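Peer 1: Here the protein sequences line up with chains A and F, keeping their order.
Heads up: the first sequence begins at 1 in the numbering used here, then just goes up one per residue.
Heads up: the second sequence begins at 1001 in the numbering used here, then just goes up one per residue.
I should point out that these hints are in silico values taken from the structure, not numbers from a laboratory.
Quick caveat, the model's predicted, so the values are computed rather than measured.
Cβ coordinates follow ideal geometry from the N, Cα and C atoms, glycine included.
You may find that some hints are simply not true.
The calculated label-pair distances, taken between Cβ atoms and stated as ranges, are [what the hints assert, rightly or not]:
(1) A:Ser85 / F:Lys1003: 24 to 32 Å
(2) A:Lys36 / F:Phe1033: 16 to 24 Å
(3) A:Ala24 / F:Leu1034: 40 to 48 Å
(4) F:Met1116 / A:Glu130: 53 to 61 Å
(5) A:Arg149 / F:Ile1120: 52 to 60 Å
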Amino acid sequence: MDEKEIIQKIKNGEIEYFSHIVKAYTSRIHGYVFKKLFEKADVDDIVQNAFLKLYKSLPSFDERRPILPYLFEITKNELKMYYRSHKTTDALDERIAAKEDLSLIEEGDIHDLLNQLPDEQKKALVWTSEGYSYEEIAKKLGRPLNTVRTIIHRGRLTVKKLHTP
Amino acid sequence: MTKLEDRILKKVYVFETKRTLIESIVKIIFYVFLAGFVILAGQAIYEILMEEGAFDVFQIVGEDIEIIRMFAGDALYTFYQELPKELSLLFLIGVIILSVSMVIVIKHFGAIKNKMKALIHFWKTL
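Could you put the whole structure together from the sequences, leaning on the hints where they help?
Peer 2: Written out as structure tokens, the structure reads:
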């Protein structure tokens, strides 16, 4: 069965035929993303998203066109979005922020201020000042990355509030 | 089939199931409300016309063909005058939308049936 027939069948509601496309192109797309990506753990997610986007666009897809170049276009866009959302500015921000937080306060005061924080916020701030990345802190606390960001942000705000007379 | 291929298909089926469910619910609610409105509007128009005795003008149907020819225009004009205009217009719009929707559903019935079959088969074999 050729691609044109497969797409027509999917458009006709026979969505089980999408498995033909998945079987035919998964390894090629996976290989392409694997070469491009530094973080190998995210390869599968990008491949899955690319295929889902292809599926979503099939109703308006012209079946006379080949699928593979279109799928590569979608994958490239997915990679662009991935790079955009994973810009490597986190580590620098963390260090600067940690310095800002703790260097402006007297050594003795730091412990007093930190002791007034909830346990998670205290641990997170201490670890940030020791140079741990947000990802590492998330692992240590067993919390999602975004939650850790919030915990640290709240901790910093509280420290600022407590420190300002 | 590799694990990744399985995950891709599962993701696609989860998406399609959600989309189909939401679309079906929205469409059913829309059709039920529209059909309800058309029925109520039709009933209200009928009652208004009955009260006004507007259907009496159609008694000429039983008359000779010559009389029908002479007075059919007048009878229809009188009936039109007695129709509640706004309600009749809304009723007509409702009927048109409902009819078009029904035609679209009938036209896509095959595709909808195939999709439902595929979704049910997938979730059963999972």
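Peer 1: Each hint: holds or not?
Peer 2: Going down the list of hints, with the structure as the test:
1. A:Ser85 / F:Lys1003: 24 to 32 Å: holds (25 Å)
2. A:Lys36 / F:Phe1033: 16 to 24 Å: About 50 Å separates the Cβ atoms of Lys36 (chain A) and Phe1033 (chain F), which means 16 to 24 Å is violated.
3. A:Ala24 / F:Leu1034: 40 to 48 Å: 43 Å Cβ-Cβ, so the 40 to 48 Å window holds.
4. F:Met1116 / A:Glu130: 53 to 61 Å: Distance hint for Met1116 (chain F), Glu130 (chain A) holds at roughly 56 Å.
5. A:Arg149 / F:Ile1120: 52 to 60 Å: About 42 Å separates the Cβ atoms of Arg149 (chain A) and Ile1120 (chain F), which means 52 to 60 Å is violated.
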